[in-house]
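Residue numbers (the working numbering), protein chains in the order written: chain H, 1 to 370; chain G, 371 to 698.
Do not rely on the hints blindly, as some may be mistaken.
Said to hold, decoys possible - Label pairs and their computed distance ranges (CB to CB):
id: 1; chain 1: H; residue 1: Arg-347; chain 2: G; residue 2: Asp-536; range: 51 to 59 angstroms
id: 2; chain 1: G; residue 1: Trp-674; chain 2: H; residue 2: Ala-339; range: 21 to 29 angstroms
id: 3; chain 1: G; residue 1: Thr-375; chain 2: H; residue 2: Arg-270; range: 50 to 58 angstroms
id: 4; chain 1: G; residue 1: Leu-568; chain 2: H; residue 2: Arg-270; range: 43 to 51 angstroms
id: 5; chain 1: H; residue 1: Glu-52; chain 2: G; residue 2: Lys-394; range: 45 to 53 angstroms
id: 6; chain 1: H; residue 1: Glu-174; chain 2: G; residue 2: Gln-423; range: 50 to 58 angstroms
id: 7; chain 1: H; residue 1: Leu-279; chain 2: G; residue 2: Gly-421; range: 35 to 43 angstroms
id: 8; chain 1: H; residue 1: Ala-268; chain 2: G; residue 2: Ala-550; range: 54 to 62 angstroms
id: 9; chain 1: H; residue 1: Arg-347; chain 2: G; residue 2: Trp-674; range: 35 to 43 angstroms
id: 10; chain 1: H; residue 1: Glu-282; chain 2: G; residue 2: Gln-423; range: 45 to 53 angstroms
id: 11; chain 1: H; residue 1: Arg-347; chain 2: G; residue 2: Ala-594; range: 51 to 59 angstroms
Bear in mind the hints are in silico, worked out from the structure with no lab data behind them. Idealized CB from N, CA, C, for every residue including glycine.
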Amino acid sequence: MPITTAFQTEIQRVSILDEHGQFDAELGDGLISNDDLVRLYEDMALCRKLDEVAFKLQRSGRMGTYPQNMGQEATSLGAAYVLNQDDWLVTCYRENCGLFHRGLPPEKILLHWMGDERGNHIDPELCVTPIAVPIGTQMLHATGLAWASKYRNESRIACTFFGDGATSEGDFHEAMNFAANLDIPVVFFCQNNHWAISVPGHIQCSAPTVAQRALAYGMDTIQCDGNDLFAVVHCMKTATEHARKEGRPFFIEGVTYRLGDHTTADDARRYRDQDEVDLWTERDPIVRIREHMKSLKIWDDSKEAQLAERVEEETSAIVQRAEGIEAPNDDDFFTSMYADLPADLRRQMDTRRTSSIGEDPSQIENPQTA
Amino acid sequence: MSERTLEFRDALREAMSQEMRANKRVFLLGEEVAEYDGAYKVSRGMLEEFGPQRIIDTPISESGFAGMAIGAAMMGLRPIVEFMSWSFSLVAADPILNNAPKMLYMSGGQFGCPIVFRGNDGAGGQLGSTHSWCVEGMYSNVPGLKMAIPAFADDAKGLLTTAIRDDDPVFFLESERLLALKGHVPEGEHLVPFGQALVRRSGDDVTIVSFGRPVHFCLEAAEALEAEGISCEVIDGRTIRPLDLDTIVRSVKKTNACVVVDQSWSFGSPGSEIAAQIHQACFDDLDNHVMRVHSADVPTPYAWNLEQEYLPNARRIAEAVRSALYVA
Ligand SMILES: Cc1ncc(C[n+]2csc(CCOP(=O)(O)OP(=O)(O)O)c2C)c(N)n1
Ligand SMILES: [Mg+2]
Chain H
1 MPITTAFQTE IQRVSILDEH GQFDAELGDG LISNDDLVRL YEDMALCRKL DEVAFKLQRS
61 GRMGTYPQNM GQEATSLGAA YVLNQDDWLV TCYRENCGLF HRGLPPEKIL LHWMGDERGN
121 HIDPELCVTP IAVPIGTQML HATGLAWASK YRNESRIACT FFGDGATSEG DFHEAMNFAA
181 NLDIPVVFFC QNNHWAISVP GHIQCSAPTV AQRALAYGMD TIQCDGNDLF AVVHCMKTAT
241 EHARKEGRPF FIEGVTYRLG DHTTADDARR YRDQDEVDLW TERDPIVRIR EHMKSLKIWD
301 DSKEAQLAER VEEETSAIVQ RAEGIEAPND DDFFTSMYAD LPADLRRQMD TRRTSSIGED
361 PSQIENPQTA
Chain G
371 MSERTLEFRD ALREAMSQEM RANKRVFLLG EEVAEYDGAY KVSRGMLEEF GPQRIIDTPI
431 SESGFAGMAI GAAMMGLRPI VEFMSWSFSL VAADPILNNA PKMLYMSGGQ FGCPIVFRGN
491 DGAGGQLGST HSWCVEGMYS NVPGLKMAIP AFADDAKGLL TTAIRDDDPV FFLESERLLA
551 LKGHVPEGEH LVPFGQALVR RSGDDVTIVS FGRPVHFCLE AAEALEAEGI SCEVIDGRTI
611 RPLDLDTIVR SVKKTNACVV VDQSWSFGSP GSEIAAQIHQ ACFDDLDNHV MRVHSADVPT
671 PYAWNLEQEY LPNARRIAEA VRSALYVA
């Protein structure tokens, strides 16, 4: 027998609550309590509303570029729900819902996109990292964070989020390789929303699933309906258990779709068909949960109306908090630049007078000229 | 000569398109360059004209497409590599700094590297510290590469055409903030040779040397200083490597005072190098040491007010000029 099978496998796909309201009781029962379900639904509703509000802020010139989360709320939310509060949540830029669930004040996200560094000044207790816009870098950071926890014999793990496009970066492959070969407990969560700006998924990955990329690194992997909160929670439970018990990484591909533009600087109508958007609109993760809660008799139209009112009030309070903060001043140039600001920079800070900001260096010593 | 005006971005596209029509070896690749017409619409319509074989949307793999383009250049093709932003070229540091500029040298002349890396460079668009790199500060340090940095639409076309025809790797730095700037651009073949600075404004009291977007800040400052009776000569360097020191020296010998304006950080920068060279060449002609205006020595601030103050703006340039001339 000269030719044998060296390796064979399959990629599992998890779906529990589908877009038609079909619920798989065997997998789904007891996964999320009714109380929690209501709370998670409210999280998604707030996130969706804030997305809308942020979009309008941008259009009226009160915010810079903003990337909408619409349609992708269930992925990061399901992850944050399953993770422990001290597990690292290492996101890129489309995970508002999970971050809010973790406890990040929503005005921080608004502040960031309004162009204020203070949006990334985050309470260390939250165990989240700053918004990562350079594509892919955060996956290696997550691997390093989890590696450090292991080094210190802590039980914390890390979960990192990234898009389908990000899987083309070397950082992705290097992070996956490290985590698998060095036994590092990281959950890699790919939000496959089918597009990287205008570039369709198959340009980034020509395999039928992104999930199977993990196999090449010897990492366990699964695909789920990313618009199905139950499926996300199920996969996250499997992944975190694996990470904690085996000390090994795990890969989840959440298949989802961004219903909005890439960012407010984009117009997605230029490169994708309305039919596709319509199809995914019907698969909306929020609508699905709402209908399910109604079928469980734990939700009704009056509760929905009350929630809408509450969310309206809450978002305007969030905007007020974000816009109410005073503009940063010149001293903030130097804030957090070094753990210990070196003397030459301290002099720049004290005098605002150095060759690098256009002044006569001979006058540096004399703050009077400042 | 017609007075046809074009936007800076269209001048760039015209250079690429004309060269692609004339030479089948030239092609364009990068993130979003095809279907999307480029993140900043520089390659608008090029996919339609040249097809997907020559206008190539890449995966988000800067190191990958930069490295592959180097291989293609070694085979005699002439790739134009667009970085959506030069900030993202940091991911590709090894191929662009460690391979491209040394390929000819290390292969004893066998493998050339006729490649253009181009994209948006510099701060000013409130993109935060990771997306606002002025790579001229770091990259101009590397021997083996050329670096062009146009400030006006006609130079955008003329310098890019020269870059595409150049047999060595050219780093071509565009400012997003200038892309909509209009100016007269010659219609046919238009070449601006490398290493030739241009006097943008003549004056007698002080020489202001800059390149790229800050040239506009210098002209603004010169205008304001004129009202104070200070006559500024503004030199647009146009290329950093090679550097046209002669034009600068000729001017400084006339004015006896000099301010160098460079949007990169001061430490180990083109500005510090140019100042050192001027000191050496014009030591006896200078009435004061060369002043430099750079971006502040901190990560690019995100907030609008801080970013404006961080940049080498017209106010700071005017202050430096007064200081150079001992005007209180
Ligand atoms: C290193 C780097 N290259 C390019 C970009 C520009 N960029 C920003 S978002 C994006 C698309 C990312 O797509 P994906 O990873 O699928 O995430 P999505 O936006 O779809 O959530 C690109 C190319 C960047 N920010 N960083
Ligand atoms: Mg995507």
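Any hints this thing doesn't respect? Which numbers, in order?
-> 1, 3, 4, 6, 7, 8, 9, 10, 11
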